[in-house]
Amino acid sequence: MAEETFVLEFPSSYKWLNMIDLMCTEITAGMDFGRDALNEISISVIEACTNALEHGNKCCPDCDVRVVFRRREDRIVIEVADCGEGFDFTDYLQHIPDPSDIHKKRGRGIFIMKAMMDTLKYEKVEKGGMKVILEKMINGSGKEGDD
Amino acid sequence: MKYKVREEGNVTIIDLSGKLMGGYDADVFRDMVHELIEKGRKKIVVNLAGIKWINSTGIGILITGYTTLRKNRGDLKLLNVSKKIESILYVTKLNLIFECFDDEHEAIDSYTRG
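Chains as they are written, first to last, in the numbering used here: chain A, 1 to 147; chain B, 1001 to 1114.
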């Protein structure tokens, strides 16, 4: 199967997350993911989009969040980009706080995506902003190979 | 997020519905918890049956409620945790913090058991 690509840009408002979730459900339908995996993809996409609109775009309605779904034979790849100032993701990914620490107010979102997807990567966007790339393999986790 | 507050003896049930995702929801939930504490109602069960989505910020809202109540010698327990929410609690190990129930009577009775 050739890669099928779906692109959506939406203003930084929570109200559009329902549409993203529906789109995600439609795109992953027919792929060979189990129910748990589909839940994990849905949770991670919503997490990435809320991070982008909250922390990246600071909820500015003039700033869009760009979501790209790449449906491939063996995996789904999802890219979520904001147009904010970005952050030092290398350092951040190495020092993710313990998510069970109830005194930590932030950091759980990235931990959740890392735990639920096979690959989590951050890239700086040329025009400014950050892009998170999430990958989920069909038929089991690719995590072992990533380590 | 929408909510309803009801009383079952000395236990307060908060029925949440819609999305629990931060922003305005955090203020609403925090104010609700403070109001209940001021009224002396510190045994809380949050019913998540109507919650369609939750994200890490929404989990943070519940944690803030939990820590506020614990500081005031109260507690916050969860009822009707969906598969999605359960998986978030599991990967973040917060399932070790929150007491979760599938049955409302059991949740209420857990307070009388101490």
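Quick caveat, the hints were computed from the structure, so don't treat them as lab data. Keep in mind that the hints are not guaranteed to be accurate.
Said to hold, decoys possible - In silico lysine-lysine, DSS-like type, Cα no more than 30 Å apart, as pairs:
#1 Lys-131/A to Lys-1052/B
#2 Lys-15/A to Lys-1071/B
#3 Lys-104/A to Lys-1083/B
#4 Lys-1083/B to Lys-124/A
#5 Lys-1004/B to Lys-121/A
#6 Lys-1083/B to Lys-114/A
#7 Lys-1093/B to Lys-58/A
#8 Lys-15/A to Lys-1052/B
#9 Lys-58/A to Lys-1042/B
#10 Lys-58/A to Lys-1039/B
#11 Lys-131/A to Lys-1042/B
#12 Lys-114/A to Lys-1084/B
#13 Lys-1039/B to Lys-15/A
#14 Lys-121/A to Lys-1002/B
#15 Lys-1002/B to Lys-58/A
#16 Lys-1042/B to Lys-121/A
#17 Lys-1004/B to Lys-131/A
#18 Lys-104/A to Lys-1004/B
#19 Lys-104/A to Lys-1084/B
#20 Lys-1042/B to Lys-104/A
As the structure is a computational prediction, the values presented were derived from the model and not from experiment.
Verification of the supplied hints:
no.: 1; hint: Lys-131/A to Lys-1052/B; result: holds (26 Å)
no.: 2; hint: Lys-15/A to Lys-1071/B; result: violated (34 Å)
no.: 3; hint: Lys-104/A to Lys-1083/B; result: holds (24 Å)
no.: 4; hint: Lys-1083/B to Lys-124/A; result: violated (34 Å)
no.: 5; hint: Lys-1004/B to Lys-121/A; result: violated (40 Å)
no.: 6; hint: Lys-1083/B to Lys-114/A; result: holds (18 Å)
no.: 7; hint: Lys-1093/B to Lys-58/A; result: holds (28 Å)
no.: 8; hint: Lys-15/A to Lys-1052/B; result: holds (13 Å)
no.: 9; hint: Lys-58/A to Lys-1042/B; result: violated (34 Å)
no.: 10; hint: Lys-58/A to Lys-1039/B; result: violated (36 Å)
no.: 11; hint: Lys-131/A to Lys-1042/B; result: violated (43 Å)
no.: 12; hint: Lys-114/A to Lys-1084/B; result: holds (16 Å)
no.: 13; hint: Lys-1039/B to Lys-15/A; result: violated (34 Å)
no.: 14; hint: Lys-121/A to Lys-1002/B; result: violated (35 Å)
no.: 15; hint: Lys-1002/B to Lys-58/A; result: holds (24 Å)
no.: 16; hint: Lys-1042/B to Lys-121/A; result: violated (42 Å)
no.: 17; hint: Lys-1004/B to Lys-131/A; result: violated (38 Å)
no.: 18; hint: Lys-104/A to Lys-1004/B; result: holds (28 Å)
no.: 19; hint: Lys-104/A to Lys-1084/B; result: holds (22 Å)
no.: 20; hint: Lys-1042/B to Lys-104/A; result: holds (23 Å)
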